[in-house]
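J.: The residues making up each chain are set out below.
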Amino acid sequence: MNTRNMLTFITIFIDNNYSMLKKVWALYYDGFRNMPRWGKILWTVILVKLFVMFIVFKLFLMPNYLNSRFDSAEEKSDYVLEQLTTKP
Amino acid sequence: MLLDLTTASVVEWSRWQFALTAIYHYMFVPLTLGLALMIAIMESVWVKTRDKSWLNATKFWMKLFGINFAIGVATGLILEFQFGTNWSNYSWFVGDIFGAPLAIEGILAFFLESTFVAVMFFGWEKVSKRFHLISTWMVYVGANISALWILVANAWMQNPVGMEFNPMTARNEMENFWAVFLSPTAISKFTHTVTSAYTLSACFVIGVSSWFIIKKRHFEFSRKSIMLASVVGIVSIMLTMYTGDQSAQEVTKTQPMKFAAMEGLNKGGRGAEFTLIGILHESPDLPSERMKETSCAIRIPKMLSILGYHDANAYIPGIQDIIDGYTSEEGKVVLPMAQRMENGRKAIEALKTYKQAIKDDNKSVADSSLHVFNMNYADFGYGHLSSTDEAIPHVPLVFYSFRIMVGLGMLFVLLFVLSLWYARKRKFDKFKWLPYLALFCVPCAYIASQCGWIVAELGRQPWTVQDLLPVNAAVTDINATWVMTTFWLFAVLFTILLIAEIRIMCHQIKKGPANSQNGNDNNISNN
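Residue numbers (the numbering used here), protein chains in the order written: chain E, 20 to 107; chain C, 217 to 743.
For the record, the hints were derived by calculation from the structure and aren't laboratory data. Worth double-checking, as some hints may not be accurate.
As the list claims (entries may be wrong) - Label pairs and their in silico Cβ distance ranges:
#1 E:T105 / C:S580: 22 to 28 Å
#2 C:T697 / E:I29: 49 to 55 Å
#3 C:I574 / E:I65: 48 to 54 Å
#4 C:K268 / E:I65: 44 to 50 Å
#5 E:I29 / C:K268: 39 to 45 Å
#6 C:N529 / E:D90: 58 to 64 Å
Computed from a prediction, not measured in an experiment: that's the story for all the values here. Here a beta-carbon is modelled for each residue, glycine too, at the ideal position from N, C-alpha and C.
Work the whole structure out from these sequences, hints included.
T.: So, in structure tokens, the structure goes:
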């Protein structure tokens with residue numbers, strides 16, 4: 020499916036399901052808007068946690084060792100094979 | 217000493233980091249699994265009976281579920297980060313097998329939970345009662361399906377089946393999905409884990425309700441919650457025992473060293489005794505420092521054989537038997553450990569030769585080395601051990617954790633039976649010690665749950681993948697200081713999250729259920 024067909028599909032889908040999508044939007048919008056204080060605190064905790072995990076930990080502290088050192092699957096398998104056959 | 221901070225190697229730090237993260241992660245998981253079930257049952261009762269008190273109960277416990285879910289969600293991702301950073305050899309070695317269940321888990325969890333959790337919390341009065349109820353059940357199903365895939369992956373590490381190792385890529389490739397998915401280890405691991413999670417949640421609901429009773433608030437709400445949680449608890453703990461028995465039989469067959477460590481059993485035999493309680497200590501008479509002598513032991517004759525094989529005269533190997541070699545109850549000849557280490561070294565050498573022969577385009581050498589490799593692959597991991605001692609897990613931790621788990625399980629049976637009996641008779645608050653016992657059981661349930669994982673994971677040491685890949689070969693060749701730094705960062709992050717959860721939850725518990733007549737609904741005894 021090329022980009023143009025995809026856009027057409029999405030447009031038709033939205034046209035046919037407009038009222039349903041509006042209800043889904045309202046569900047989330049009203050839910051977040053009328054959330055009690057403890058819910059807002061929870062969302063703050065979630066967002067801070069996800070930021071720390073994905074930005075700080077994943078990007079800076081916990082990179083994928085093999086992906087960061089090797090480009091191809093062959094290089095990775097050669098390296099791991101060497102590790103498995105030379106480690107004591 | 218379990219961890220010497222000054223001399224710990226990258227393997228030890230990586231193991232500690234993984235253990236820390238897994239322990240914290242599993243603080244959140246079981247309550248999500250079990251509370252979702254009880255919320256779904258409460259809401260079903262409300263939809264069926266139109267009794268508003270059940271709606272009230274549903275909303276209160278849903279609030280606590282939401283707090284636990286929100287704080288705990290995605291904490292497991294740190295474990296996946298660690299696979300890539302600290303355990304890159306392992307993660308490459310198992311890639312295709314481990315990746316598939318985790319990918320399914322990720323997709324299912326995302327779609328089921330993000331859709332239906334939103335309806336569950338935001339959908340009151342916006343969707344029909346029936347659709348809301350279906351959403352609540354779907355949250356329960358989604359959470360449990362997530363657990364299923366994670367546990368299938370974990371079970372494969374305990375009992376690797378349904379795969380073939382590709383010596384060209386150094387990866388295990390899935391040959392039979394159903395062998396992985398329906399392996400007896402996977403089934404017993406999933407059922408035992410989720411039923412124990414329901415047990416923990418039942419303890420939590422009874423404990424929190426008991427706190428209201430101690431504070432003389434929300435009596436009728438508490439009584440109903442205790443009744444329901446007691447029934448769920450009784451069914452769950454019975455299933456936990458049954459699945460634990462299935463799990464023990466599987467461990468006896470596939471991880472005999474773990475089973476021997478659980479028992480502190482040095483020398484096995486037919487009609488082996490089960491040590492109910494005992495004190496482990498070192499003994500100069502034992503051939504290894506890792507083996508321990510049991511003193512002050514209370515033993516049940518033949519019980520270990522019954523646990524292992526449901527046969528009072530079945531043969532159970534001890535640690536020394538596994539090192540020396542033995543013939544299992546199924547008639548399988550298990551080679552002496554020294555021989556398995558020799559076979560493992562042959563497999564490693566053959567793998568190296570095979571790879572070089574392929575590079576040199578030497579077909580005959582490649583074929584012969586591949587043959588040697590395939591003949592010895594079952595013992596591949598043993599080639600990385602430098603002594604037979606390395607194959608023995610930390611016996612005291614496994615031994616005591618197992619007894620704490622089982623002992624607390626028995627306490628929960630008592631709690632559930634008494635709670636159901638007295639709540640039904642409306643006399644729960646008349647026995648002052650019962651609400652306090654219930655409160656005491658909340659942390660105990662978490663301890664029992666963690667002990668179960670200690671038995672499962674520490675008991676299989678030194679293996680990341682049973683018999684195939686020990687931890688020293690699985691770990692990434694990185695600096696221990698780096699892993700130590702991230703260890704402390706995770707410790708701080710997870711401690712903050714846990715404190716946040718406890719504080720927010722305690723605050724909401726103190727507020728109590730919203731529509732319970734200002735906390736003064738009818739006294740249990742007066743009804």
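J.: For every hint, state whether the structure bears it out.
T.: We went through each hint and held it up to the structure:
1. E:T105 / C:S580: 22 to 28 Å: 25 Å, holds
2. C:T697 / E:I29: 49 to 55 Å: 50 Å, holds
3. C:I574 / E:I65: 48 to 54 Å: Roughly 49 Å apart at Cβ, these two residues keep to the hinted range, so it holds.
4. C:K268 / E:I65: 44 to 50 Å: 31 Å, violated
5. E:I29 / C:K268: 39 to 45 Å: 43 Å, holds
6. C:N529 / E:D90: 58 to 64 Å: 59 Å, holds
Hint 4 from the earlier list is the only one contradicted by this structure; the remaining hints agree with it.
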